[in-house]
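There are 4 protein chains.
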Amino acid sequence: MKNTFGTAFTVTLFGESHGPAVGAVLDGLAPGIAINPEFIAHEMDKRRAAGAISTARQEADEVEFLSGVYNGFTTGTPLCLTLRNANTHSKDYTRTGHLLRPGHADYTASQKYLGFEDPRGGGHFSGRLTAPIVAAGAICRQILAAHGITIGSHLAQCAGINDTPLPTTEPELTETLTQLNTRQFAVINKAAGQEMQQAILAAKQDQDSVGGLLETAITGLPAGLGEPFFGSVESVLSALFFSIPAVKGVEFGLGFGFAPLRGSDANDPFVLQNGQIKTQTNHNGGLNGGITNGMPVVLRAVLKPTPSIAKPQNTVNVATGTQQVLQLHGRHDPCVLHRARAVADAMAAIGLVDLFSQRYGTLWQTGGAPHCTV
Amino acid sequence: MKNTFGTAFTVTLFGESHGPAVGAVLDGLAPGIAINPEFIAHEMDKRRAAGAISTARQEADEVEFLSGVYNGFTTGTPLCLTLRNANTHSKDYTRTGHLLRPGHADYTASQKYLGFEDPRGGGHFSGRLTAPIVAAGAICRQILAAHGITIGSHLAQCAGINDTPLPTTEPELTETLTQLNTRQFAVINKAAGQEMQQAILAAKQDQDSVGGLLETAITGLPAGLGEPFFGSVESVLSALFFSIPAVKGVEFGLGFGFAPLRGSDANDPFVLQNGQIKTQTNHNGGLNGGITNGMPVVLRAVLKPTPSIAKPQNTVNVATGTQQVLQLHGRHDPCVLHRARAVADAMAAIGLVDLFSQRYGTLWQTGGAPHCTV
Amino acid sequence: MKNTFGTAFTVTLFGESHGPAVGAVLDGLAPGIAINPEFIAHEMDKRRAAGAISTARQEADEVEFLSGVYNGFTTGTPLCLTLRNANTHSKDYTRTGHLLRPGHADYTASQKYLGFEDPRGGGHFSGRLTAPIVAAGAICRQILAAHGITIGSHLAQCAGINDTPLPTTEPELTETLTQLNTRQFAVINKAAGQEMQQAILAAKQDQDSVGGLLETAITGLPAGLGEPFFGSVESVLSALFFSIPAVKGVEFGLGFGFAPLRGSDANDPFVLQNGQIKTQTNHNGGLNGGITNGMPVVLRAVLKPTPSIAKPQNTVNVATGTQQVLQLHGRHDPCVLHRARAVADAMAAIGLVDLFSQRYGTLWQTGGAPHCTV
Amino acid sequence: MKNTFGTAFTVTLFGESHGPAVGAVLDGLAPGIAINPEFIAHEMDKRRAAGAISTARQEADEVEFLSGVYNGFTTGTPLCLTLRNANTHSKDYTRTGHLLRPGHADYTASQKYLGFEDPRGGGHFSGRLTAPIVAAGAICRQILAAHGITIGSHLAQCAGINDTPLPTTEPELTETLTQLNTRQFAVINKAAGQEMQQAILAAKQDQDSVGGLLETAITGLPAGLGEPFFGSVESVLSALFFSIPAVKGVEFGLGFGFAPLRGSDANDPFVLQNGQIKTQTNHNGGLNGGITNGMPVVLRAVLKPTPSIAKPQNTVNVATGTQQVLQLHGRHDPCVLHRARAVADAMAAIGLVDLFSQRYGTLWQTGGAPHCTV
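Sequence order for the protein chains is A, B, C and D.
Just so you know, we're using our numbering here: the first sequence kicks off at 9 and counts up by one.
Just so you know, we're using our numbering here: the second sequence kicks off at 9 and counts up by one.
Just so you know, we're using our numbering here: the third sequence kicks off at 9 and counts up by one.
Just so you know, we're using our numbering here: the fourth sequence kicks off at 9 and counts up by one.
To be clear, the hints were calculated from the coordinates, so they are not data collected in a lab.
Don't take each hint at face value.
Because identical chains cannot be distinguished in the list, a pair is counted as satisfied if it fits within a single copy or across any two copies.
[What the hints assert, rightly or not] Capping the alpha-carbon separation at 20 Å, the derived lysine to any residue pairs in SDA-like fashion look like this:
no.	residue 1	residue 2
1	Lys198	Gln284
2	Lys286	Gly302
3	Lys286	Asn325
4	Lys198	Glu183
5	Lys212	Gly228
6	Lys319	Ser272
7	Lys286	Glu180
8	Lys286	Ala327
9	Lys286	Thr176
10	Lys286	Thr328
11	Lys286	Ser118
12	Lys286	Gly156
13	Lys319	Pro268
14	Lys286	Gly105
15	Lys286	Leu181
Bound-form chain A, shown alone (with noise of 0.2 Å):
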């Protein structure tokens, strides 16, 4: 399957960013989970730009559910939702023509396509691709809910600005996911947030673009999910997070800080917590031989800088065959940090239904897990 993700709940992503819609067919729902629309807005408004720093691009960005929902619940079969395309300027886009942009897939995409790809904003690599993910990873948000696992992401690091890390502990942290969960811009220091937002605006006024670290964390893993090598969760969650436009480095725990340790200070020593199995310190970020130890699993992901910048770029004229400046227009993020953070909590969430259905099965999705163990 090239286009899909999963194996027990399978996500199929279509669209361009100038067509009809976009959308995904969502397979693998167990039937009579409550589609809840106000929670589906909140995600797609955490994922919406807003304000100076993003694009003036503006969707509604309103989630119809072509199949597998009826008065108000999953049926249990395929469940296709789209978006339609409405706010589309393709004139902005065909402006560069034969210009390659770089650091973007206009190459990769005609070298793959053989041309026949639609070029029209990005076409089938538009950030607006992630509109879907954010919707199917919505619902998988509420059936993990239920089930006592919280997903957060924030803005670790962005244009070279520090947040505050995350709490190590459990309960903070799941108190600060749920926090962040509310927050338009994602950062637990709200400080740093300004700074970083000042430092994206200076960026866009110079025609320039910034990029950083999401963290993510998830709370609330029973011990035992994943797969050893292929189907580990380093590897699942890794593929989707590279899924994410613009990710090009993925670090599970102390990630490449483990690189200068020694064993002795790497190992994660397990200890009694009330009677129950723990790690004194979370180095490996909740996994060990790539499956979950009940330990939060912590991930961070690192974005480059936005692509599209309105500075002048050498490059290619595919047409003439000759070396030219690309001036780009239209409308950029100068930053993509604050809206992929929705795409990096909705890809966690995609990912966990797959590994809890492969090992619990789909109807585990709204009844009791802990039935099913021995």
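Since chain A is already given, all that's left is putting chains B, C and D on it; use the hints.
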């Protein structure tokens, strides 16, 4: 598919460290691939423990083909390769008994497999499982080599000591990779390699272990491989690399180095070189929008220090439900980087054969890709 | 993947009879396939209800491409096609309310979907779901036609009346299939067709329905397609044909006619015809060991009589838990064979595009297969 | 996945008749399933050739578990089982050399595998490959038996001689299936069985072979298993049954007997039996809309007469490119039905374990499904 990688070409892994055998089934191989036992042995040697810096466990690592090979060529039917487990000191491992080894999968395995897992030597979580991966990778590397594709890895950093960076221009890079493939300890700078080995021995003497960074590069790839989103080359390769035991982070191109940059510094300008479209820099590691752009693919993986250390560690005894001190005996690697590089090479090769086979069909493996394009 | 068919080329089906739309996502299509709206409309017409022998429900059956098509060609990205549901008389269907319709999926759907299924018009189990299959099949048929492959079906038997058998020699068979594709009521013998239609009307008048046999043949296939065992052409095509509502049996070549024969009568002797290896007879329906042998593939499917009949039937009222008599109203087909033949053609085409794409790659669809072989 | 069956539970088949071994990898088994060597041996015995009516090739059929089993229980990791090939008379087979055996896969294999296939003993196409299927099925049957599900098959027809039909009421049917599972020659009517065996011997004496019908039934299934369309129980089971060598047709319930009926005769009226919803008749073979309805699942497969016959046959010599007469030597089965019934049982069991595991999760296999429903 839980323990299977791939779409058009698949690898299914099986085995336990101290069970009868470890192995893999390769499906989707073209008929007529010449099996080169010398090359397979060479790759197995790269992975094999050797000398004081590695475990004392020595396996013959003889690959037996149970199916799919006839008269020295692949038949095109599923190829099952196995390696018998001979040199097993189960006693060493059972000594730790009910004491959970920190940083290991003992606890997570028991939660996932409910106590039915084979604990001897790490069972299915053992590094021994990477042997069939390397064997599978060797066959894939031969396929790719016939299409002019070179893969190689080096220890970019080990125990905090850096190797010389890979060359960025292509003929030099290919040459360096070719040389690295002949070295038992894969570094460009032999002096740095000496230092690393001394640091490994020092850690061993301290009953401790070290980690580091593996850097893998691939040259000779055409533009247009991979899928947007879920099937991006980053998604495919990261899922494979996170299947390598101890890997806790993966990055492409500048990776985490992108975080503080601005777009104008991060973008790779397109240029014409001898009529071919290339990028002036390769910050994106050969990938735009998840798809190869014809530049070398470059990725780095961080490996945490080996969790098996002789130093006493605090942990939990699951039989008595008490805290206890664990002192590990047995044969352990104070460092796995110099062995894991063979696994990294194999994983890259496996992923690429699948990507090519999806695009050009199974028969591409022995035939001519260019003829298949429209 | 629960509701997805395929490996290299996949079709994911969604929709409910009286929901907003039915549709399918096609993934693994090559870029550059010309979309021919006339041909798609022609195939939709073959499936559409028409005249007294069909349901009175008339849908415009207009296929909308939400993605994957640009400037009249496939882009190579996932193609989502939908058909809006307009002409829905939900009232007719809800009239049966809590009375289980015999021969239908009312009861099984309620057990699988736990009461959350959309019951209107059969919901996801409606024959309406075959509309996107026919649309998908139309695209696949175009791909196959460009490679010289012809698919056609006829009502081999309907209401107990037999059509003339298909010719067994290839140029005649191809010609017959081509003619059948132009006929609204797909029979070779028009007199037999008249008789069948009279029998259908007679059944309708008796508030009853009829079934029969569809025979599908495929010419122009090369030898060597398919896999042994699980991926045999018989396995792939039978799985697709059993997905056609009402199909309860599938056979290839002599099929059930093989039972009383001896090997010496059943085997197809190999012969040389103009230097090509052929079989003298085609008892095996073009398939040996699950793989095409270059002879026409011939299969038959039995369709049970439409379960929706106006005649009173005994059943259970699930609300009251009592036996009751059900009298169905609404628009029903006294026979579905003449419509289902379009679905049979589509299913065969979908299966073949997947088999070819596995062997020769996605790009085979628009390019030249022979160049890909070694 | 080409040579793999399944979604939540998968079986990957490998091996050649005269290669080192045949085997299968089972993935998605729960940990903690007790491996019962006696029961596996019993199933292998059912499949094994025995007496004058079978091939003279006798294999020990000893199943070795290379992985996934520890202390007599499944571990939950991929289980690789193998059977070494010992009793191979390759000379017998190579005698036919370049003469294509009619009804066999010699020609299609050479076209698919381009001459690299292992021709000895039919290679990967050999009936020998059904041995690991039966072993895998034995494990699945144990899982199902613990959930009260019974599977059994009989030779409904052999060489034109009919067995007594299966009982249609459930306790009687279950009892009959249980008895059939203890019989080496699986018929209800022992006199008919004697007649069949005489007919087989008569065919053998005539250097010929016979075919017939296998009927398989499953009792104890809950309603609600399966998917509409592509994942229908008919699609899943037919794909598996068409993977059995020699099967050329599969039908459910009345199957091809539906063709001449009217809806009023074909529909199964719903009735209440002790408060449970059942159908009065079972024409649909336990399946409506592709989903189990709680009645016994009943299916029939036709097996063509064994293609290997000693009688001289016309064929083509591919080396000389001439017509020639083939006279087969070696050990052949004049009939495979009495052996194939073990494969039919195994295929049904494999399919059901996947269907259950999709719905209730992998852990259902050892735990309690009812607790998992909402």
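Right, here's what the structure says about each hint:
Taking identical chains as interchangeable, the C-alpha atoms of Lys198 and Gln284 are never at most 20 Å apart, the minima being 35 Å within one chain and 48 Å between chains. For the identical chains of this complex, Lys286 and Gly302 are intra-copy neighbours only, at 7 Å inside a copy versus 45 Å across copies, given an alpha-carbon limit of 20 Å. In this assembly of identical chains, the alpha carbons of Lys286 and Asn325 lie at most 20 Å apart only when taken from different copies (12 Å versus 58 Å within one copy). In this homomeric assembly, Lys198 and Glu183 come within 20 Å of each other (Cα to Cα) only inside a single copy, at 16 Å, whereas the closest approach across copies is 51 Å.
In this assembly of identical chains, Lys212 and Gly228 lie within 20 Å of each other by CA distance neither inside one copy nor across copies; the values are 39 Å within and 37 Å between. Taking the closest pair of Cα atoms, Lys319 and Ser272 come within 20 Å of each other only across two copies (7 Å); inside a single copy the shortest separation is 49 Å, beyond that limit. Taking CA atoms no more than 20 Å apart as the test, Lys286 paired with Glu180 passes inside one copy only; the shortest distance there is 16 Å, against 49 Å between copies. For the homomeric pair Lys286 and Ala327, the shortest alpha-carbon distance between copies (16 Å) is at most 20 Å, but the shortest distance inside one copy (61 Å) is not.
Taking the shortest alpha-carbon separations for Lys286 and Thr176, only the intra-copy value of 13 Å comes in at or below 20 Å, while the best inter-copy value is 45 Å. Only between protomers do Lys286 and Thr328 lie at most 20 Å apart by alpha-carbon distance; the minimum there is 16 Å, versus 63 Å within a single protomer. Taking the shortest alpha-carbon separations for Lys286 and Ser118, only the inter-copy value of 14 Å comes in at or below 20 Å, while the best intra-copy value is 50 Å. In this assembly of identical chains, Lys286 and Gly156 lie within 20 Å of each other by CA distance solely inside one copy; the values are 18 Å within and 39 Å between copies.
In this assembly of identical chains, the alpha carbons of Lys319 and Pro268 lie at most 20 Å apart only when taken from different copies (18 Å versus 39 Å within one copy). For a Cα distance limit of 20 Å, the shortest separation of Lys286 from Gly105 across copies, 19 Å, qualifies, whereas the shortest one inside one copy, 57 Å, does not. Within a single copy, Lys286 and Leu181 get their C-alpha atoms as close as 15 Å, which meets the 20 Å cut-off; across copies the closest is 46 Å, which misses it.
The structure shown violates the earlier hints numbered 1, 5.
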